[in-house]
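Q: Sequence:
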Amino acid sequence: MPATDDRPKPATLLDVAERAGVSRATASLVLRGTGRVSQPTRDRVLQAMTDLGYIYNRGAASLRTRDNNVIGVLVTTVTNPFFAEVIIGLEERLGELGYVCLIANTLNDTTRQDQLITFLQETSVAGVVMVPAFGTEPAAIDTLTARDRPLLFLTRRIGDTGNLYIGTDDITGGRLATDHLIWHGCNTITYLGGREDAIARHDRIHGVRESAANHGYAPDSLSFIASPTNARGGLAAARELLQSGTPIDGIICHSDTVALGAYRAFHDAGLAGTVKVVSFDNVDNAELIEPPLTTLSSNPRQLGRTAAQQIYDELNDEEGADTTLFEPELIIRRSCGCHSPRPMANP
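Throughout, our numbering is defined as the position within the sequence shown, counted from one, plus 1140.
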């Protein structure tokens, strides 16, 4: 039987940060003697380094920040219009900063994601930006953080790992969507689409319930149907709603692509243009369908650019936010019942 290696794993900078109760970025600033860090915080970080026996590998850090200009990017699928726009913004800003992207699709498959993480490790990318596959466990990303490689989560956070995170304020988004439909006089509201285990769906539904309660709506005025976050999922969810006998008044779609499928179901049922719909994402084609979609925009391209800047700052020990939440903006068109649409933007 082969011998097992029972030696403890060397401490990482993330271990130091967690022990000191600070972010990884702050621990990095202390390590390099840069940035404005209070003396008590500096002392805690230095003590944590001593307690854990942390050894700074300057050679590896030099390779990451000076000789390697590749950022690994893992997304569930680039066919999702939202993530496609995020990646455009990410590539734009990284290019301006002298970096290039190595992009791979996990297809929401944790086994495939593990294989891609191993590949990124072997190629020694400078840092990683990832949209974690559903079901990802914190242990699955340990290999990325074990070598002090900066890791940024996009739109989905994995546990309390202390890594960088950029997403949207989905609770506010759910509340804004519901407020608007209630303003239009909707007596019932159905949330269509999104996986049952999706954090974004959970947070948006929290906002939906909060808004409904604030307006005195009874819990049974709300209904929720989960589905894959694509057009076929929206079609299936809307057909399920139609068959359920639930009164159809106001609809909140988990994404613009879900709304596209729901539109088809309502068209087939002879309800085209009569159901009030609000969705999320504001992808490029949202204003091209009929009626044009009222949607919550988190500016995906700018989200990507911000992610690029954030991981660049981490690589270069510059001070920056560890967590960034984009505030959603309600883009009013005609799908919600408003009849004074903004003119369509020029291409």
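Note that these hints are calculated values from the structure, not bench results.
Heads up, a few of these hints could be off.
Computed spacing ranges between beta-carbons, pair by pair [claimed, not checked]:
no.	residue 1	residue 2	range
1	Ser1264	Gly1385	37 to 43 angstroms
2	Asp1249	His1346	26 to 32 angstroms
3	Ala1409	Ile1243	26 to 32 angstroms
4	Asn1425	Gly1238	51 to 57 angstroms
5	Asn1456	Asp1282	33 to 39 angstroms
6	Glu1458	Thr1217	46 to 52 angstroms
7	Ala1279	Gly1413	29 to 35 angstroms
8	Leu1411	Gly1238	17 to 23 angstroms
9	Leu1465	Arg1372	52 to 58 angstroms
10	Asn1425	Ser1384	25 to 31 angstroms
11	Pro1387	His1479	35 to 41 angstroms
12	Asn1354	Ala1280	28 to 34 angstroms
13	Thr1463	Gly1193	55 to 61 angstroms
14	Asn1456	Glu1380	47 to 53 angstroms
Backbone N, C-alpha and C fix where the C-beta goes; we use that ideal spot for every residue, glycine too.
Q: Looking at the structure, which of the earlier hints fail to hold?
A: Violated hints: 1, 3, 4, 5, 6, 7, 8, 9, 11, 12 and 13; rest satisfied.
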